Amino acid sequence: MIEEISLDVDDNGLMEISRKLGIGLNLEEMRKVREYFKSEGRNPRDIELQAIGQAWSEHCSYKSSKPVLKKFIFGIKAKQNLLVIEEDAGVVDFNKNYAYVVALESHNHPSAIEPYGGAATGIGGILRDVVCMGAKPIALVDPLFFGDLNFDYKKLPKGVKHPKFIQSGVIAGIRDYGNRVGVPTVAGVTYYDESYLTNCLVNVGCVGIVKKNRIIRSRITKKNGKKGDVFILLGGRTGRDGIHGVTFASTELKEKSEKEDRSAVQVGNPIIKEPLMHVCLEAVEKNLVKAMKDLGGGGLSCCADEMSYPEFGAVINLETVLLKEKDMKPWEIWISESQERMMMLVDKKNVDKVIEICDLWDIEYSIVGELTDDRRIKVYYHGEKIVDMDIKFLVEPPVYNRPYTIKEIKEHEKEIKEPVYEETILKLLSSPNIRSKAFVIQQYDHEVGARTITKPLQGKIESLTHSDSVVLKPLPEDYRGIAIATDSNPSLMKISPYWGAKNIIDEVCRKIVSSGAIPHSFADCLNFGNPEKPERMGEFYEACRGLGEFAKALGVPFVSGNVSFYNESEYYSVIPTPVILGIGIIDDIRKSITTDFKRNGDLIYLIGDIKREMAGSEYYKLYGYNFGYIPKPDPEELKNKIKSILEARKLIKACHDVGAGGLAVAVCEMMIGGNVGASIELSKIDMRTDYKLFSESSCFVCEVRERDSEKFEKIMKKHNLRFYRIGRVSGNKLKITDKEKSIILPLHEIKEAFL
Amino acid sequence: MIAILRMEGTNNEEDIYNAFAALKYPVEMVHLKQFTGEVKKELEKSIFDYDGIMIPGGFSAGDYIRAGAIFGARLKKISKELKEFVREGRIIGGICNGFQVLTEAGLLPGIDDVIVSKPQISLGVNDSGRFECRHIFLKHENKCFFTEKYEKNEILQVPIAHAEGKFITSKRILEKLKENGQIIFRYVNRNGEYAGYPFNPNGSMENIAGISNPEGNVFGMMPHPERVFYPYLHQEKKKTGDGRRFFESIIEYLRRRI
Chain A
1 MIEEISLDVD DNGLMEISRK LGIGLNLEEM RKVREYFKSE GRNPRDIELQ
51 AIGQAWSEHC SYKSSKPVLK KFIFGIKAKQ NLLVIEEDAG VVDFNKNYAY
101 VVALESHNHP SAIEPYGGAA TGIGGILRDV VCMGAKPIAL VDPLFFGDLN
151 FDYKKLPKGV KHPKFIQSGV IAGIRDYGNR VGVPTVAGVT YYDESYLTNC
201 LVNVGCVGIV KKNRIIRSRI TKKNGKKGDV FILLGGRTGR DGIHGVTFAS
251 TELKEKSEKE DRSAVQVGNP IIKEPLMHVC LEAVEKNLVK AMKDLGGGGL
301 SCCADEMSYP EFGAVINLET VLLKEKDMKP WEIWISESQE RMMMLVDKKN
351 VDKVIEICDL WDIEYSIVGE LTDDRRIKVY YHGEKIVDMD IKFLVEPPVY
401 NRPYTIKEIK EHEKEIKEPV YEETILKLLS SPNIRSKAFV IQQYDHEVGA
451 RTITKPLQGK IESLTHSDSV VLKPLPEDYR GIAIATDSNP SLMKISPYWG
501 AKNIIDEVCR KIVSSGAIPH SFADCLNFGN PEKPERMGEF YEACRGLGEF
551 AKALGVPFVS GNVSFYNESE YYSVIPTPVI LGIGIIDDIR KSITTDFKRN
601 GDLIYLIGDI KREMAGSEYY KLYGYNFGYI PKPDPEELKN KIKSILEARK
651 LIKACHDVGA GGLAVAVCEM MIGGNVGASI ELSKIDMRTD YKLFSESSCF
701 VCEVRERDSE KFEKIMKKHN LRFYRIGRVS GNKLKITDKE KSIILPLHEI
751 KEAFL
Chain F
756 MIAILRMEGT NNEEDIYNAF AALKYPVEMV HLKQFTGEVK KELEKSIFDY
806 DGIMIPGGFS AGDYIRAGAI FGARLKKISK ELKEFVREGR IIGGICNGFQ
856 VLTEAGLLPG IDDVIVSKPQ ISLGVNDSGR FECRHIFLKH ENKCFFTEKY
906 EKNEILQVPI AHAEGKFITS KRILEKLKEN GQIIFRYVNR NGEYAGYPFN
956 PNGSMENIAG ISNPEGNVFG MMPHPERVFY PYLHQEKKKT GDGRRFFESI
1006 IEYLRRRI
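Order-wise, the sequence lines are chains A and F.
Start counting the first sequence at 1; every next residue gets the next number (the working numbering).
Start counting the second sequence at 756; every next residue gets the next number (the working numbering).
Since the hints were derived computationally from the structure, they do not count as laboratory data.
In this text the structure is predicted, and so the values were computed from the model without any measurement.
Careful, some of the hints might be misleading.
To be verified - Listed next, the stretches of chain A that the computed footprint assigns to chain F, with coverage defined by at least 3 CB atoms under 8 Å from CB atoms of chain F:
| hint | region |
| --- | --- |
| 1 | 176-185 |
| 2 | 394-405 |
| 3 | 444-450 |
Unchecked claim - Keeping only pairs whose Cα atoms sit at most 30 Å apart, straight-line, the calculated DSBU-like set for lysine-lysine is:
| hint | chain 1 | residue 1 | chain 2 | residue 2 |
| --- | --- | --- | --- | --- |
| 4 | A | K591 | A | K643 |
| 5 | A | K286 | F | K993 |
| 6 | F | K795 | A | K286 |
| 7 | A | K212 | A | K223 |
| 8 | A | K735 | F | K992 |
| 9 | A | K591 | F | K993 |
| 10 | A | K653 | F | K992 |
| 11 | F | K992 | A | K591 |
| 12 | F | K904 | A | K460 |
Heads up, the beta-carbon is just placed ideally off N, CA and C, and yes, glycines get one too.
Same shape as in the complex, but just chain A (with noise of 0.2 Å):
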């Protein structure tokens, strides 16, 4: 069962063992390996390699990413972070007794080589994420890139599965997984580009909601446990699912990964996950852990390794863990990430409460070992010592400052013909990525919990537009509420990582800010190519510059993240695309704002300066036009524009940021939410109207009581903010005019063309 592996080979030899286990260890770091026995004074075993190469894999190490992480995203300071960056979620404060949780993870490969497994484990995952903080979770988001939905069947590369097969599967998967869990799954974004063909991203997260008092730690520290603490595995059993996902995830996704890396994928049951999580908060609220932490990339191994690094150390009797099957080897046991399996420390004198719990649920325990002070992990096999390593040597794996190279970037614009508007605006309102995911957000559940205030679609029962965020109620007491919002930007990250990012942070605060809610917190997920290529390299490098800059300037913090690197594949590599989470809080529920048109004869305002900031634009998108000038958004004059925004909150009915297809798209589904027309009227703006109708600048879009503008006005002049009323919420068309121009649209046509 136990095979011993002499290092004692050249450099060909390290690499062939590398191979020959699976365990992705590149030349230098076998050498590391070979060296660290040698001080030991003796070979490793199989399974001692195993958990090395999980524990240094890119996934759970970042080693690629961590120094450019640490010099730009990490430490942003705010007085309302309470545990950020450090644990498996974000904790951040809510109010006097409550703290919220966020995370936010990828869940790529497995979703490219099982769609519908791949995304309800990702699902399972970020779940266990948050309630290993003691926290329960209120909500799901899960921002989606699929390649293009009409790609040619013949021309898919081997081994590739169809966009429209992926994207059902990866949706029913979330479906399926979050329905049944009973957590509402409430934002989200699906997008569609080539360059996801190959590799399509998953992305997952979840908030929660913790009693500050109860908030749990992943890591033992003296604070909170003592040599002798017990560990207790419970909830699913361990099983050949999920062997060797971790390195899987860090290499590229190639033709035979279909077959060589099915194993890799994890098998979902939300029937033992949805008591699990009863169990698991029980024991929290009833004071009985001391210490938890989800199982998750390198399973069991990571776990006890890094809940008890660095003060502790573990000694963990394998054969105790309960198995889906008779005869697993045991590095395969001690790897597995086989789903809803969480790890509890415990104190002695509790673990019976702690059983009593597990019964009542049904859930499956067991005793797997106990806490040591020599900060070294021992692994027992019947009795026989498997595993006795440092675990500093595991946790602390060599970190790399990877070349990169920075494209430069030249923008130019070209003068280009007025298009035919009416047929422009359909055509950007059937487009894929702004036309009604109504299709995808009605098959989640959002309402379960009862604490969805405004919904994900917004508006008339019979007529419902896209959400800019959602707002939720997460206490019953208290109308303090939490609105969600989720962003990326694929088309301008491939134009200019560094503005794409700023883009994306200016953006995802419009859509917290629409809602009448603060921006409060940020998590991010990386997703990148190579990051052994400088240029992928590059491009996360700048990414990540923009990204943190534009935060710091805004003091919001990024409280939760995760790098997924290595989407791509021989064919293509995916647009670099950082997804951010925001969090906005609002301190009351009930003055929330919705995107949706409320009244005929309410005057339209137009926030912001509108600039011809054509590229990546879905109106050039539409027309192949690959030039224009990038939006720059500024963080003071966000700022400027949020304060006016919240001030303004109770003169204003409706909001929507100025996104994807512009000011024109924006109307068209605040009309079709509201089931009632526009007419706007931009002769006071100076630029061409075709410009005017689809810039996609850093802009707000407000409905306004004819009584209130003078009011409304004065605050917009007060934060010295440039502003148009453009218009009337009225009739049952669209209509637009712009000097001598006349574009005229009925609404069904709009609501035909959008649905």
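Given the coordinates of chain A, assemble chain F onto it according to the supplied hints.
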């Protein structure tokens, strides 16, 4: 006291709990195993400790076979007690998955007997073939003890969230339901008309959304009144939550009964 019955996969119990708690009516979560005696002695409970049992929505046991089938089958262990419970005029309510459980357990429609051994109603897969979550319009066509506080023919806005909600039954049962005034809620459009999909979200026979037993103390519905208990939970903002009176009706009946 109301018992909210839970097992693995029920996941709307808190929403219902909060509704009763907000109205200051005593309420408790009880695991099914506590009624069926599959727990330690000190955790056991009797259904007769409660005036009413509510079965919440969710995916009991995963609903991998047929929605509500496993929960329904497990309830049969105490069917003798449940029969007595219903005959005494205590209440049993099921929302969404809870409705599916009540039909699977044979507690609805309650026409031939308080409990029938084979289900007479099926809540089948939606015509759209998929899970749908959105707000819809309901017409309150007949009163039962769960809905006394609504006006007859009043139109409510309530969310649905299910994949299996298509009400199907035999001609005979359907006629009886009508005859007895057991059809409590039907799906309609904004103007109160029967209007087909998407207003009837699942293809239910005769737009049926919720029914009671002939006596009116066992009731099930697919939409979720607990999710519009407060005005600010509505899709279209309202002055009061349409779901509130559902819980007030139950409480008023139970107080009267005692």
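We went through each hint and held it up to the structure:
no.: 1; hint: 176-185; result: holds (count 4)
no.: 2; hint: 394-405; result: violated (count 0)
no.: 3; hint: 444-450; result: holds (count 7)
no.: 4; hint: A/K591 with A/K643; result: holds, 16 Å
no.: 5; hint: A/K286 with F/K993; result: violated, 39 Å
no.: 6; hint: F/K795 with A/K286; result: holds, 19 Å
no.: 7; hint: A/K212 with A/K223; result: holds, 16 Å
no.: 8; hint: A/K735 with F/K992; result: holds, 28 Å
no.: 9; hint: A/K591 with F/K993; result: holds, 14 Å
no.: 10; hint: A/K653 with F/K992; result: holds, 12 Å
no.: 11; hint: F/K992 with A/K591; result: holds, 12 Å
no.: 12; hint: F/K904 with A/K460; result: holds, 26 Å
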